[in-house]
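**Q** Letter by letter, the chains look like this.
2 protein chains.
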Amino acid sequence: MKVEIISIGDELLIGQTVNTNASYLAKGLTELGLEVKRVTTVGDDAVDIRAGLSLAMEKSDLVVVTGGLGPTHDDITKAVVADFFGSELILDKEYLERLKRAFERRGWKMAKVNEGQAFMPHNAQILENPVGTAPGLLFERDSKKCFVLPGVPSEMKAICEDSVFPMLHGTGEIILQKTVRTTGIPESTLFEDIGDIAKIEQLAKMAFLPKASGVDIRLTVTGSDEVACKKRLEQARRLLEKKIGKYIYAYDDEALEEVVSRLLLDAGKTIAVAESCTGGLLASKLTNIPGSSNYFEYGVVTYSNQAKTDILGVPADILATRGAVSEETAIAMAESVRKISRTDFGLSTTGIAGPGGGTAEKPVGLVYIGLATARKSYARRLIFTKDRLANKERSVQAALSLLKKELS
Amino acid sequence: MKVEIISIGDELLIGQTVNTNASYLAKGLTELGLEVKRVTTVGDDAVDIRAGLSLAMEKSDLVVVTGGLGPTHDDITKAVVADFFGSELILDKEYLERLKRAFERRGWKMAKVNEGQAFMPHNAQILENPVGTAPGLLFERDSKKCFVLPGVPSEMKAICEDSVFPMLHGTGEIILQKTVRTTGIPESTLFEDIGDIAKIEQLAKMAFLPKASGVDIRLTVTGSDEVACKKRLEQARRLLEKKIGKYIYAYDDEALEEVVSRLLLDAGKTIAVAESCTGGLLASKLTNIPGSSNYFEYGVVTYSNQAKTDILGVPADILATRGAVSEETAIAMAESVRKISRTDFGLSTTGIAGPGGGTAEKPVGLVYIGLATARKSYARRLIFTKDRLANKERSVQAALSLLKKELS
Numbered sequence: 000m001k002v003e004i005i006s007i008g009d010e011l012l013i014g015q016t017v018n019t020n021a022s023y024l025a026k027g028l029t030e031l032g033l034e035v036k037r038v039t040t041v042g043d044d045a046v047d048i049r050a051g052l053s054l055a056m057e058k059s060d061l062v063v064v065t066g067g068l069g070p071t072h073d074d075i076t077k078a079v080v081a082d083f084f085g086s087e088l089i090l091d092k093e094y095l096e097r098l099k100r101a102f103e104r105r106g107w108k109m110a111k112v113n114e115g116q117a118f119m120p121h122n123a124q125i126l127e128n129p130v131g132t133a134p135g136l137l138f139e140r141d142s143k144k145c146f147v148l149p150g151v152p153s154e155m156k157a158i159c160e161d162s163v164f165p166m167l168h169g170t171g172e173i174i175l176q177k178t179v180r181t182t183g184i185p186e187s188t189l190f191e192d193i194g195d196i197a198k199i200e201q202l203a204k205m206a207f208l209p210k211a212s213g214v215d216i217r218l219t220v221t222g223s224d225e226v227a228c229k230k231r232l233e234q235a236r237r238l239l240e241k242k243i244g245k246y247i248y249a250y251d252d253e254a255l256e257e258v259v260s261r262l263l264l265d266a267g268k269t270i271a272v273a274e275s276c277t278g279g280l281l282a283s284k285l286t287n288i289p290g291s292s293n294y295f296e297y298g299v300v301t302y303s304n305q306a307k308t309d310i311l312g313v314p315a316d317i318l319a320t321r322g323a324v325s326e327e328t329a330i331a332m333a334e335s336v337r338k339i340s341r342t343d344f345g346l347s348t349t350g351i352a353g354p355g356g357g358t359a360e361k362p363v364g365l366v367y368i369g370l371a372t373a374r375k376s377y378a379r380r381l382i383f384t385k386d387r388l389a390n391k392e393r394s395v396q397a398a399l400s401l402l403k404k405e406l407s
Numbered sequence: 000m001k002v003e004i005i006s007i008g009d010e011l012l013i014g015q016t017v018n019t020n021a022s023y024l025a026k027g028l029t030e031l032g033l034e035v036k037r038v039t040t041v042g043d044d045a046v047d048i049r050a051g052l053s054l055a056m057e058k059s060d061l062v063v064v065t066g067g068l069g070p071t072h073d074d075i076t077k078a079v080v081a082d083f084f085g086s087e088l089i090l091d092k093e094y095l096e097r098l099k100r101a102f103e104r105r106g107w108k109m110a111k112v113n114e115g116q117a118f119m120p121h122n123a124q125i126l127e128n129p130v131g132t133a134p135g136l137l138f139e140r141d142s143k144k145c146f147v148l149p150g151v152p153s154e155m156k157a158i159c160e161d162s163v164f165p166m167l168h169g170t171g172e173i174i175l176q177k178t179v180r181t182t183g184i185p186e187s188t189l190f191e192d193i194g195d196i197a198k199i200e201q202l203a204k205m206a207f208l209p210k211a212s213g214v215d216i217r218l219t220v221t222g223s224d225e226v227a228c229k230k231r232l233e234q235a236r237r238l239l240e241k242k243i244g245k246y247i248y249a250y251d252d253e254a255l256e257e258v259v260s261r262l263l264l265d266a267g268k269t270i271a272v273a274e275s276c277t278g279g280l281l282a283s284k285l286t287n288i289p290g291s292s293n294y295f296e297y298g299v300v301t302y303s304n305q306a307k308t309d310i311l312g313v314p315a316d317i318l319a320t321r322g323a324v325s326e327e328t329a330i331a332m333a334e335s336v337r338k339i340s341r342t343d344f345g346l347s348t349t350g351i352a353g354p355g356g357g358t359a360e361k362p363v364g365l366v367y368i369g370l371a372t373a374r375k376s377y378a379r380r381l382i383f384t385k386d387r388l389a390n391k392e393r394s395v396q397a398a399l400s401l402l403k404k405e406l407s
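Chains as they are written, first to last, in numbering that gives the first Met the number 0: chain A, 0 to 407; chain B, 0 to 407.
Here chain A stands alone, though its shape is the one from the complex (with noise of 0.2 angstroms):
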């Protein structure tokens, strides 16, 4: 089946917004078995917009339109669509009410501006929008499909998850696909430790997508016979897993902090993290996970090295005679937090982040990880780059990789 995107705005066509809502669709569209022909961008003009939607209608089998479903003046997406396929639009008064209700929710009045959100075309289905005010439309035609989905990408996600893809799941053949995450590790020295990459890929096509939390391999199978499909896909799996099983931390989407909290929760045992370079980060992402407060006692971001010593009771002396980056430090922030809040693992950073503040003794990007348990505290050392923000994420992800390390 022949799928064309076409997303709405003018913030995508003079660059101010990055079109993430294509990339988003076209994976899930591309996981469901269906074939992205094309994407589309055009802006919040009407002749531009029924242009683009003729032509897809035309070309392709399934068209997922994105963009322009706001309540304000510049969002013409509903009208222009409607109009495409005959549509009336009629004020639905139920509609109308739960939206009034979802703003007085919020301790807020309802703008007048909201009402024309409640004025749907009469041959479309309502696809329920969760987390906002503008629902999804599905029109039909020539048994042709076309969703129509509000550009902000909370929204289009929530609706795709809960409605366009399960409408959609079965209609395109086979495509199977396994991610393999890895952390700690380089690109190439991963390709190489791999070696033979054709008899994985007989097997499994294979792409490598580096990112800030490590390098995620993804396998994919692509068939008419399901087990078949599935067996090759772990057979792939197998031989990653044999040739660089140490530094894969996960499968898919599952991110290091929740493997993190299930084994935290498998265990019993709780944490509490003292940050340094992380500046808090550390703390936020393992209280991303819901159900994070069964197992994150307590987190303290002591960024001076006043904190440090007032705080955490890090002895003034390693302080002048080791510095704040260092393993001692580390290792001193790591067990006075666990001691303080009583955990059973202390975690810790401290680092120059930058991009000031580096010697040559040490440059920008080193930090030092600790780790205190019952039994024993230990540091690790790393050199990351000039980049602030990149330089937390490294250091949040080879904290908790330490971490995982030490409850697996």
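Don't take each hint at face value.
To be verified - No farther apart than 30 angstroms at their CA atoms in a straight line, the calculated lysine-lysine pairs in the DSSO-like style are these:
1) A:K404 with A:K210
2) A:K385 with B:K210
3) B:K26 with B:K177
4) A:K268 with A:K403
5) A:K198 with A:K268
6) B:K242 with A:K111
7) B:K108 with A:K111
8) A:K204 with A:K177
9) A:K108 with B:K241
10) A:K361 with A:K375
11) A:K26 with B:K26
12) B:K156 with B:K108
13) B:K338 with A:K338
14) B:K242 with A:K108
15) A:K385 with B:K58
16) A:K108 with B:K404
Claimed, not checked - Covered stretches of chain B (chain A as the covering partner; in silico rule of three or more C-beta atoms under 8 angstroms from a C-beta of chain A):
17) 10-19
18) 180-187
19) 196-209
None of these hints come from the bench; they were simulated from the model. Backbone N, C-alpha and C fix where the C-beta goes; we use that ideal spot for every residue, glycine too.
Position chain B against the provided structure of chain A, taking the given hints into account.
**A** Below, chain B without anything else, positioned relative to chain A:
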């Protein structure tokens, strides 16, 4: 002058790669005063590339094609485009020698497959690639231009900066933009508060861009007289400021944490934060800014009631009678962290991030922000949605916004 961008590559259609090339080009071309009317993405497929190019050359004055110029079997763009323009591919011996030398300099032997890159369309102008092996090409027909560039972002950008943008300089009209950033107010209410949209749109085109951080309003002015354009843009900005000034926190790309950082540095003030529902994200945002160690003293993530009492000394009877998510707890947390760290400000968050944990009285999304200064302490109550990560983002934005008001 109307422009179309054509992005070529299977990786874009399966969602493996986000099309950042298109947004880079769109931004650069818009800044040159050219009007990007459409972006089309197609795969490495001769029929689709040719169809896209044909349509684009018919509708637009300028076409920029990227992708598919590499040395491997799936790079077919050069052959397809050359054929479209009736061009013969001829071996450019000089270019072949330069390629060989470029490989030698890096200590590599040039692979046989790279030789194909030295075959050039006889009627195209060659645009040097300072960072890679595939040069850019410029075809002209009926006073229309078609640039063809490699898809590797660093190579595409280098050729744009060295050749494409300088060649197009002065061909477009003047386009000036200003983004007005607001937070703490829904898009529809903002729209109503502004009131006479038509009056502002006589000066500048307006677009509303809702994000997790708030709603951005983009003003765009087009014309031939730069001084007049600047004046209109400033008049439109002032009209907006008059109507919705209290919701504006920054202009253009500046983030709220950058504004707060600047205000803290200017005032020579320091801050400490105590977080519950935001779990470290508030500290992390504040420490994303280089130089944050000048004002950020200390952060604490007290997720459990025990930690709130032990570390921050929040009275047990407040937790028992009012609950952890309450005005009283938010204020106690802010006052305590300020006192412990001897800073000018103490900022706190406590709430129910979700997805679970809500009650009828205290629903998921309920958040209190507390702020303590030398003279006073107070809290603000907010209700967000059921989305955990969005609630964290919005709570942080609300906390920074409260601090900004105190600093302004």
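**Q** If any of the earlier hints don't hold here, list their numbers in rising order.
**A** Structure breaks hints 5, 7 and 15.
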